[in-house]
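As they're listed, the protein sequences go chains A and B. Quick note, in the numbering used here, the first sequence goes up one by one and the last residue is 271. Quick note, in the numbering used here, the second sequence goes up one by one and the last residue is 365.
None of these hints come from the bench; they were simulated from the model. Fair warning: there could be bad hints in the mix.
With a Cα cut of at most 30 Å, we get these calculated DSS-like pairs of lysine-lysine [as the list claims (entries may be wrong)]:
hint	chain 1	residue 1	chain 2	residue 2
1	B	208	B	197
2	B	270	B	117
3	A	72	A	39
4	B	197	B	270
5	A	72	A	20
6	B	350	A	139
7	A	39	A	20
8	A	125	A	139
9	A	72	B	197
10	B	137	B	113
11	B	117	A	20
12	A	72	B	270
13	B	173	B	350
14	B	208	A	125
15	B	270	B	113
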Amino acid sequence: MVATNVAERVRTRGVIDIKSVSKTYPHPDGSEVLALAKVDLTIAAGEYVSLIGPSGCGKSTLLRLIAGLEKASSGALELDGQVIDGPDADRGLAFQNPFLFPWLNIHNNVAFGLRARRVYHQQKHLVGQFLELVGLGKFGQVYPHHLSGGMAQRASLARALINNPRVLLLDEPLGALDAFTRMTMQDEILRIRAENQITMLMVTHDVDEAIYLSDRVVVMTPGPGQVETVLNIPFPRPRARNNPDFLSLRSQILEILNFAGQVEEPAYHI
Amino acid sequence: MVKSLLLPLYRLKSQPRLWPIRDHLALWAGLLALILELSLRSSGLHPAVERPYFQYFLILTLVYFAGWPLIARSPAQRAKMLNKDNFYAVAFLFLSALNLATSKYTLIPAIFFPTPDRILAVLVEDFNYLILECLFSSGKLLLTGFFSGALAGLITGVAIGFSKPAAYWLNPLIKILGPIPPTAWIPIVLVAFPTTWTGAVFLIALSVWFPTSVMTSSGILNVQNAYFEVSSALGAKRIYQIFLVGIPAAMPLIFTGLFSGACSSFLTLMTAEMVGVKNGIGWYINWQREMLSYANVYAGLIVIAISFYSLITLFFKIRDRVLVWQKGMIKW
């Protein structure tokens, strides 16, 4: 049983503080586009938070800011009290496309972070462990183009996790997978999380996925991108996908995003 | 009664034959070439050779073509040989035609088209000079030039790919100097360099440098940025990203650059040897041409063909080893 109550956690590793962060991009016509407007958000250690919203709501931008791939135009981002300044191994990253290095076999892809941090010789036993963790124990010598989409995504998770990051940032990690692989991978992510206790921040388009996986769902709206509502998902894990209580949360989120739709009452009955 | 006497013969016939004509055209074409060579008298218009080298050659190749079905055991090996059989058959027919047109009937000018016998005689009798000295000298020049050009090309290519200032200063240089055919530099190089040998090394290096540099930089600039993002999120610093992301990702294009560099280096090598360097195969061919010893010219061309073919084959073997990760590669 995974501890889902954030308050129960004693560790403070992986706390993200987003303090009135704004981000503007230059527009080709010379003006500036406001992608994120004064976003405030605190994510607790070990929490699973999903960012959801229509395209243009700035959820991916927010993720890239936390990853350090881009700099905020104003405001501050902190990880455990330290200002985030550029990408680093303490924040793991996985995209919708797994972006495995095609010139390295799976073993060396997973070992990349160890080599980059120059600890490969001391810690190479971890490679096998993490391959086992994602169920790719027998695929170390295989090159990425031989893997299926789900396997490649798992390899990319192992590659990010081997650095023992404080935070795992997931940008629509399962978006390219078919529905069944997707559900398997969702459980896989929960299992990996149970074994590693990492703060997880996931961008997704899928309301059901967000509810199934998260402790909190951050609903964002576009023009300019901002946080509309933060919803607590109070259900204990493991959760049942057909839990009827999911439905009301689902319609709540869709309503906020104006996707609930309206069923018009017929004007009269015969 | 008669039938029972002939039974062993029937049995012999029903066994699978080792050399069926349909599958072994090369063997039969080679046999035809040997019969023509032995049965027809030469026209006497060509200088005689000390030994019948063409006969030796045909006998040796026939032994090979008769012998391979006995040696090739695996079906894959057999299929590979059978696949090439038609080609070798036509090659034997061509050699026969050449033999008839030169040695036997002298249908084409004897001075420019020597007999196969005489070309083979040069290869054998001039072996020490042609192969050991000239080929060694050409090889040394080519490899020195190729590797210095490849190294320079990799360095400038990587610099342009990763550094804005390097791109700013080097790109115009490459765009203006690169397209000049290296051999056009010969007048300057001959006076500017202390020896013609160093000058020739420079020219060959130049012909390798340009394509390698262009392909390396465009290879690196075309790497999807996400690979750099992922690697930086894995803790990779700049240097590590250059050597473990940028260069490996650019490898397919780097090999394309090295390949076109290698091809143009062969051209430059030959020209440099014919013009300045008084040594090597290119110089040998030019010298023999001036002496109207066309058998030596052809022998030189054969040596060039074999050695360049071997170099390119080796190159592609290395490339296939390095790029084993790629899907669907271009075959040599």
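Hints versus structure:
1. B:208 - B:197: Between residue 208 of chain B and residue 197 of chain B the Cα gap is close to 16 Å, so the pair holds against 30 Å.
2. B:270 - B:117: violated, 52 Å
3. A:72 - A:39: Between residue 72 of chain A and residue 39 of chain A the Cα gap is close to 14 Å, so the pair holds against 30 Å.
4. B:197 - B:270: holds, 18 Å
5. A:72 - A:20: holds, 13 Å
6. B:350 - A:139: Distance of about 28 Å is within 30 Å: holds.
7. A:39 - A:20: holds, 8 Å
8. A:125 - A:139: holds, 16 Å
9. A:72 - B:197: holds, 21 Å
10. B:137 - B:113: Given that 30 Å is the threshold and the Cα spacing comes to 35 Å, the pair is violated.
11. B:117 - A:20: Not OK: residue 117 of chain B and residue 20 of chain A at ~72 Å, beyond 30 Å, violated.
12. A:72 - B:270: holds, 18 Å
13. B:173 - B:350: With Cα atoms ~21 Å apart, residue 173 of chain B and residue 350 of chain B stay inside 30 Å; holds.
14. B:208 - A:125: With Cα atoms ~46 Å apart, residue 208 of chain B and residue 125 of chain A exceed 30 Å; violated.
15. B:270 - B:113: Since the Cα atoms of residue 270 of chain B and residue 113 of chain B sit roughly 49 Å apart, the hinted pair is violated (cutoff 30 Å).
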